[in-house]
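Whole structure, please, built from the sequences with the hints as guidance.
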Amino acid sequence: MPLSLMQEEQEQYTFDFLTETAEIVAESRDELSIRIGEFAGPLDLLLYLIRQEQANIFDIPIARITDEYLRYIRLMKSLDIAVAADFLVMAAQLIEVKSKMLLPRDPFADPEEVAEDPRQELVDRLLEYEKYKSAAQMLYEKATIEQAVFPRGKIESDDNNAEISATVFDLITIFQKIVERQKEKITMEIERDEVSLADMIKRLHARILEHAELSLASFFEEFDTRRELVTAFIAVLEVVRTESVKLVQKKTFDDIILKRV
Amino acid sequence: MSEEATETAVETKQARGTGELMALAEALIFVADEPITARTIADVLEEDKASVEAALQALREEYDNRESGLQVREVAGGWQIATRTELHEYVRQFLKTRPSAKLSIAALETLAVIAYKQPVTVPEILEIRGVQSASAIKTLLEKRLIVTKGHKETVGRPMQYGTSKEFLIHFGLKDLSDLPSVEDFEDLVQ
Amino acid sequence: MSEEATETAVETKQARGTGELMALAEALIFVADEPITARTIADVLEEDKASVEAALQALREEYDNRESGLQVREVAGGWQIATRTELHEYVRQFLKTRPSAKLSIAALETLAVIAYKQPVTVPEILEIRGVQSASAIKTLLEKRLIVTKGHKETVGRPMQYGTSKEFLIHFGLKDLSDLPSVEDFEDLVQ
Chain A
1 MPLSLMQEEQ EQYTFDFLTE TAEIVAESRD ELSIRIGEFA GPLDLLLYLI RQEQANIFDI
61 PIARITDEYL RYIRLMKSLD IAVAADFLVM AAQLIEVKSK MLLPRDPFAD PEEVAEDPRQ
121 ELVDRLLEYE KYKSAAQMLY EKATIEQAVF PRGKIESDDN NAEISATVFD LITIFQKIVE
181 RQKEKITMEI ERDEVSLADM IKRLHARILE HAELSLASFF EEFDTRRELV TAFIAVLEVV
241 RTESVKLVQK KTFDDIILKR V
Chain B
1001 MSEEATETAV ETKQARGTGE LMALAEALIF VADEPITART IADVLEEDKA SVEAALQALR
1061 EEYDNRESGL QVREVAGGWQ IATRTELHEY VRQFLKTRPS AKLSIAALET LAVIAYKQPV
1121 TVPEILEIRG VQSASAIKTL LEKRLIVTKG HKETVGRPMQ YGTSKEFLIH FGLKDLSDLP
1181 SVEDFEDLVQ
Chain C
2001 MSEEATETAV ETKQARGTGE LMALAEALIF VADEPITART IADVLEEDKA SVEAALQALR
2061 EEYDNRESGL QVREVAGGWQ IATRTELHEY VRQFLKTRPS AKLSIAALET LAVIAYKQPV
2121 TVPEILEIRG VQSASAIKTL LEKRLIVTKG HKETVGRPMQ YGTSKEFLIH FGLKDLSDLP
2181 SVEDFEDLVQ
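Residue numbers (the working numbering), protein chains in the order written: chain A, 1 to 261; chain B, 1001 to 1190; chain C, 2001 to 2190.
Simulated from the structure, these hints should not be mistaken for lab results. Don't take every hint at face value.
Said to hold, decoys possible - Label pairs and their computed distance ranges (CB to CB):
no., chain 1, residue 1, chain 2, residue 2, range
1, B, Glu1183, C, Val2131, 52 to 62 Å
2, C, Val2182, A, Ala217, 54 to 64 Å
3, B, Ser1181, C, Glu2046, 29 to 39 Å
4, B, Glu1053, A, Glu238, 47 to 57 Å
To be verified - Chain A stretches covered by chain B per the calculated footprint, using a threshold of three residues with CB under 8 Å from any CB of chain B:
no., region
5, 119-130
6, 139-153
Where is the CB? At the ideal position from N, CA and C, for every residue including glycine.
Following this line, the structure appears as structure tokens:
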């Protein structure tokens, strides 16, 4: 099938949806939008439709399934669900298979030779995909069971080990953050009035009294120059050292919170 | 005097019975913040791995037999003490935790493909799932359930992914061979 | 049916034996971050404090009798599971020799800079990170993740650093070209 024809057919299917689907949308808008959102991809949708039609996966009624598939895509669009390119690629493939099925068999072909079913590749992909879909289900069940099992609470020795383990992904993520930080720093070097440490501690006090909790990140964001930042940082250290204020971090890389004890 | 002390130590070590070994292994599993291997326990106690493994099996049975609120179990290639599944309701109520956010279907599917096909590249995952998996992969990397496994030596040198130790812990698996074979799922499909 | 279920639940609760209560208390003590009071346990389980206290005493005795590596003890008005004092030598030894593959964020940042910018000097790392990295560099050298790479031929001839073979092993890299580039994750990060 020439590509231009395929595109034409696809477009035709893609754009005249409104009249046809309005009814269904009105009928069960909520239910459908929930269902559609659940499809993990075009193969998932296809499997659902095959089951819905109670069709045999080895003998897919391709015309009917293609129509249903396109109807769903139109429906997604009418519900303002962004239809990913992958869904459209599958639509094109379905239309291609459908048209191949309509072609008459070559009368001069060797009758001994069994022509390959145009659906074969699709069936293979569906079967392969469904294995992993079942595996995903199995993982889901295992995770659910695992969530019923709890490790011991913190013991003292954990505190000696307030460190984190790292992967290559952490390495690159952290490197990018440093690069970003460096970019920001260059734009920060503007002369400003100096703030004394005493003033800074006063200011910090006021903020903690105001909220009982203070995000360090947001406190530091109030300052533009490096000097101010350094003073702010020393003020934080000073307050933590001398007074009943502690620093809390819920998890690694999380924002650090100043808390009154 | 120091000589005498050494002698005593050696004697004690030789005379270590299964009961003592069980107690020592139990203490080490308890303080370890992740599953601890029989190898590590053997090294710390200067015992052979086989005796430690026997003690660990015995310890597991002891916990089962006394119908403890805890269990000794093998996970991610190591040993761990954890609460028993049946008690989750009360434990959760006490800790005031909810079951943590579940992975999306897309993330679970992607993880299943990575677990069975590792090391695997993004295009290979796309081939099987029929849909882009970038955001799922990002989530899995952030949750440390997968790790990078170097570049594949093909055109474009795409990055390869595989599952991590966290993956084994999260799903309560002893090791990767603990996963049911993917062919087993074929029967379900047909 | 639901009525029947409720009835059973109530029955079970009333029939909770000491064994079951011990198991539940054990699980709660185990997951608690701090010593947990009998009062709290009683509240969670909707039991009276006296039964819980009896169960706790029984639990403590059980641990003592089986010569476990752990003990159930009362401390700071609450109950706690801890390792037995006699075993402290091995516990301490283990905690010291824990896998050294763990890094602080400062060390990780420094390592990232060294990995991507090597060979690199201390002043250059300072320039990029904006913070002194001396102690992080010391840690990384101790963990053998980085090595010195000769002096740089500039003023002061500062020492240059690069990653080591251990670094490659730890991060599962074949060689430095295997290190992911920003481009590798670009598709994921959108």
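Hints, verified against the model:
Distance hint check: the CB atoms of B/Glu1183 and C/Val2131 are about 53 Å apart, consistent with the given range 52 to 62 Å. The given range of 54 to 64 Å is broken by C/Val2182 and A/Ala217, whose C-beta atoms sit roughly 24 Å from each other. Between B/Ser1181 and C/Glu2046 the Cβ separation comes to about 45 Å, which falls outside the hinted range of 29 to 39 Å. Checked against the given bound of 47 to 57 Å, the beta carbons of B/Glu1053 and A/Glu238, roughly 54 Å apart, stay inside it.
With 5 residues having a Cβ less than 8 Å from any Cβ of chain B, the region 119-130 of chain A passes the three-residue criterion, so the hint holds. With 13 residues bearing a CB less than 8 Å from a CB of chain B, the region 139-153 of chain A meets the requirement of three and the coverage assertion stands.
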